[in-house]
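Let's have the full structure, built from the sequences with the hints guiding it.
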Amino acid sequence: MRLVSRLCFALVLVTLLAGCFGGVRKQINPPRASIQELAAQANGQWRITIRLQNFSNIPTNFDTVTARLNIAGQDAGAIVFSPALNIGPESADVFTTTIAPPLAAKATVASALASRQAVRYTLSGKIATHDPRREDSFSYESVLNPAPGLNGVLR
Numbered sequence: 001m002r003l004v005s006r007l008c009f010a011l012v013l014v015t016l017l018a019g020c021f022g023g024v025r026k027q028i029n030p031p032r033a034s035i036q037e038l039a040a041q042a043n044g045q046w047r048i049t050i051r052l053q054n055f056s057n058i059p060t061n062f063d064t065v066t067a068r069l070n071i072a073g074q075d076a077g078a079i080v081f082s083p084a085l086n087i088g089p090e091s092a093d094v095f096t097t098t099i100a101p102p103l104a105a106k107a108t109v110a111s112a113l114a115s116r117q118a119v120r121y122t123l124s125g126k127i128a129t130h131d132p133r134r135e136d137s138f139s140y141e142s143v144l145n146p147a148p149g150l151n152g153v154l155r
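If you're matching positions, the sequence shown starts at 1 in UniProt numbering and goes up one per residue.
It should be emphasised that the hints constitute simulated quantities derived from the structure, not laboratory data. Be a bit skeptical, because a hint or two may be false.
Simulated pairs of lysine to any residue, SDA-like, Cα-Cα distance not exceeding 20 Å [said to hold, decoys possible]:
no.: 1; residue 1: Lys126; residue 2: Thr97
no.: 2; residue 1: Lys106; residue 2: Ala42
no.: 3; residue 1: Lys126; residue 2: Arg51
no.: 4; residue 1: Lys26; residue 2: Phe55
no.: 5; residue 1: Lys106; residue 2: Ala147
These numbers were taken from a predicted model, which means no experiment stands behind them.
What follows is the structure, encoded as structure tokens:
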């Protein structure tokens, strides 16, 4: 009887120790970019704050983002930037860039701002990272609303 209980104890101990050696499994998920803020400037350009999200459980270094912006069905142009950001696991950070949108997109945003109405947008393209070295496609659709108390700003 004593031998059986020692064997059972040893088996339980080995099982518990084996569970400690698994470690955390790396899960690398595609990142995403979205617009956090769009500010129409007096010179006709837009200052755009892009939110980069890392859905992986390891830090990710963001090299380049190449995207097309579409505002309420109007092509608003290309957004290309190299943020050189290291974003921690399951976290996000922002990067600000400026674009010169076409007249039709400017008019759409100006109309939305003047009437205090929301405007739909789509941001789609590719995000290149290193460590881990990847290039992922993304597409994100959402709505930008006029920011209360901030003239010319959509969030």
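So if I understand the rule, the pair passes when the alpha-carbon distance is 20 Å or less; does Lys126 with Arg51 pass?
Roughly 14 Å separates the two Cα atoms, so the pair holds.
Tell me if the straight-line CA distance from Lys126 to Thr97 falls inside 20 Å.
holds, 16 Å
Given hint Ala147 paired with Lys106 - CA-CA distance at most 20 Å:
With Cα atoms ~17 Å apart, Lys106 and Ala147 stay inside 20 Å; holds.
Hinted pair Lys106 and Ala42, Cα distance within 20 Å
holds, 12 Å
Taking only the CA atoms, is the gap from Lys26 to Phe55 under or equal to 20 Å?
holds, 11 Å
Violated hints for the displayed structure: none, as all numbered hints are satisfied.
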